[in-house]
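Going down the list, the sequences are from chains D and F.
Under numbering that gives the first Met the number 0, the residues of the first sequence are numbered 0 to 122, in order.
Under numbering that gives the first Met the number 0, the residues of the second sequence are numbered 0 to 263, in order.
These aren't lab readings, by the way, just hints derived from the structure by calculation.
Remember, predicted model here, so these are calculated numbers, not experimental data.
Worth double-checking, as some hints may not be accurate.
[Unchecked claim] Pairs of lysine-lysine, DSSO-like flavour, derived with a Cα cap of 30 Å:
#, chain 1, residue 1, chain 2, residue 2
1, F, Lys48, F, Lys244
2, D, Lys31, D, Lys77
3, F, Lys59, F, Lys133
4, D, Lys89, F, Lys185
5, F, Lys185, D, Lys70
6, F, Lys48, D, Lys95
[To be verified] Some chain F residues well away from chain D (every beta-carbon gap over 12 Å; in silico):
#, residue
7, Ser102
8, Arg174
9, Glu206
10, Arg221
11, Asn222
[To be verified] Interface residues of chain F toward chain D, partial, derived using beta-carbon atoms under 7 Å:
#, residue
12, Glu101
13, Leu188
14, Glu252
Beta carbons are placed, not taken as given, at the ideal position from N, Cα and C, and that holds for glycine.
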Amino acid sequence: MYNTGKVLTGLVLFVGFITYPFWGGEASPVPKLQKPEKEKQCIEPVAFMRAQHMQMLDDWRNDVVRQATRKYTAVDGKQHNMSLQNTCMKCHTSKKEFCDKCHTYAGVSPFCWTCHVPPKETT
Amino acid sequence: MAIDRRDFLKVAGLTTVIGLTGGGLELLRPGDLDASAPGHEPAAAPGAKQWGMLVDMSRKENWQACIEACHNLHNVPSIDDKKEEIKWIWQAPFQEVFPGSESAYMSDVMKARQFMVLCNHCAEPACVRVCPTKATFKRPEDGIVMMDMHRCIGCRFCMAGCPYGARSFNWREPRLDALTLKGGRKINLEYPTRERGVVEKCTFCAERVDEGKQPACVEATRNGGLVFGDLNDPHSEIRQLLRVKSTIRRKPEVGTNPSIFYVV
Ligand code: SF4
Ligand code: SF4
């Protein structure tokens with residue numbers, strides 16, 4: 000075969016290059032999110048909220064808009080108004096310091112805010 | 000196996016007949032193929048409400064205050080351009096509100112009167128039947144004709160379907176207008192805005208009604224110009240009033256069965 004050496008070196012370099020993000024360098028630091036001042040505990044445990052808040056918000060919007068149900072009962076038995084603007088954002092008072100930080104890190108861009116109004120937009 | 004012309008035509012003819020009568024006609028029948036045929040609407044739950052409203056134009060009211068209450072609460076942008084304006088509740092003259100019932104010899108009072116108009120929350124809403132995504136639907140528990148903005152694709156079938164012009168399309172980014180509201184208006188942070196490319200209309204204040212409150216426009220009246228209530232409940236205030244007052248509805252002939260009643 001011709002040029003075996005060159006081809007192999009090229010391949011190794013190429014594979015190394017495209018897998019660089021997996022082995023080389025450091026992962027970008029996990030973003031530090033602004034915690035609510037008043038509340039210590041979110042309506043559900045943090046781990047659940049971190050993993051499931053998108054499904055939860057999706058369920059909420061269906062419940063509120065399509066089923067006319069507006070109260071959510073959390074696992075601790077407390078009831079909450081199912082509302083992004085009137086429940087979530089009353090504690091997480093900054094979209095920039097909370098939602099955006101993590102969404103940017105995770106590379107996702109949900110389109111909640113084309114209609115829903117974040118708390119600080121008007122100030 | 001060889002098949003001669005005659006046999007071929009026989010088989011072909013037979014399949015055509017079967018196709019047309021059996022399976023073929025089945026497909027043409029209204030049913031699964033329709034996006035939202037009436038049969039697909041959830042039947043009203045037993046004991047369901049049908050919210051309705053009495054608009055008593057003989058009362059002295061600050062009607063403008065009702066409009067402002069609604070539009071401020073729901074972040075309805077103020078757009079001067081008639082072609083692009085967004086309205087949930089507004090005023091219009093008799094001949095626009097009750098076309099066909101006007102006469103050449105109408106009283107001066109009637110000619111000058113500006114009638115309050117909003118979505119009729121029809122019992123048989125045309126807008127719901129034509130919406131291909133069910134973004135517009137009728138709540139089975141209380142008859143409110145609701146809009147799910149998350150689902151609206153902006154096709155505007157509902158605008159063509161509604162015989163009352165109760166719907167507005169967002170031609171431009173409404174958020175900008177809502178945020179730079181004119182005349183010192185402030186955006187209501189407790190309610191969303193809409194986005195460009197969706198249709199919107201009055202929701203009978205579903206968010207307030209669900210909490211047991213009256214719609215904002217009704218709350219803004221001082222002299223009983225607007226009365227909100229359950230049309231299915233014979234003991235409700237609105238039904239008592241309808242029993243003693245002479246009322247008319249908008250375009251009853253189109254068969255949408257509106258839930259807004261007018262004392263003209
Ligand atoms: S008035 Fe128009 S938009 Fe409102 S329910 Fe009737 S058909 Fe639909
Ligand atoms: S514009 Fe939206 S609400 Fe109206 S028919 Fe189309 S999808 Fe339904």
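| query | Is the hint on F:Glu252 kept, meaning its closest Cβ partner in chain D is under 7 Å away? | reply | For F:Glu252, the interface hint is violated, since the closest Cβ of chain D sits about 31 Å away, which is over 7 Å.
| Does F:Lys59 pair with F:Lys133 here, judged by a C-alpha cut-off of 30 Å? | At roughly 39 Å apart (the allowed maximum being 30 Å), F:Lys133 and F:Lys59 break the hint.
| said: Quick check on the hint: F:Leu188 CB to chain D CB, less than 7 Å? | reply: 6 Å, holds
| Does the structure keep F:Lys48 and D:Lys95 at a Cα separation of 30 Å or less? | 43 Å, violated
| message | If I take the minimum Cβ distance from F:Ser102 to any residue of chain D, is it greater than 12 Å? | response | Holds: least Cβ distance 43 Å, greater than 12 Å.
| request: Grab the minimum beta-carbon distance between F:Glu206 and chain D and tell me whether it stays above 12 Å. | output: 8 Å, violated
| request: Return the status of the interface hint for F:Glu101: holds when the least beta-carbon distance to chain D is below 7 Å, violated otherwise. | output: 38 Å, violated
| query | Is the nearest CB of chain D more than 12 Å from the CB of F:Arg221? | reply | 29 Å, holds
| request: Please settle this one: F:Asn222 was flagged as non-interface, so is its CB more than 12 Å from every CB on chain D? | output: Holds, because the least Cβ-Cβ distance between F:Asn222 and chain D comes to about 31 Å, which exceeds 12 Å.
| For the pair supplied as a hint, F:Lys185 and D:Lys70, is the alpha-carbon distance within the 30 Å limit? | Holds, at about 28 Å.
| If you draw a straight line from the CA of D:Lys31 to the CA of D:Lys77, is it 30 Å or shorter? | Between D:Lys31 and D:Lys77 the Cα gap is close to 28 Å, so the pair holds against 30 Å.
| Hey, D:Lys89 versus F:Lys185, does the alpha-carbon distance stay inside 30 Å? | 18 Å, holds
In summary, the numbered hints that this structure violates are 3, 6, 8, 9, 12, 14.
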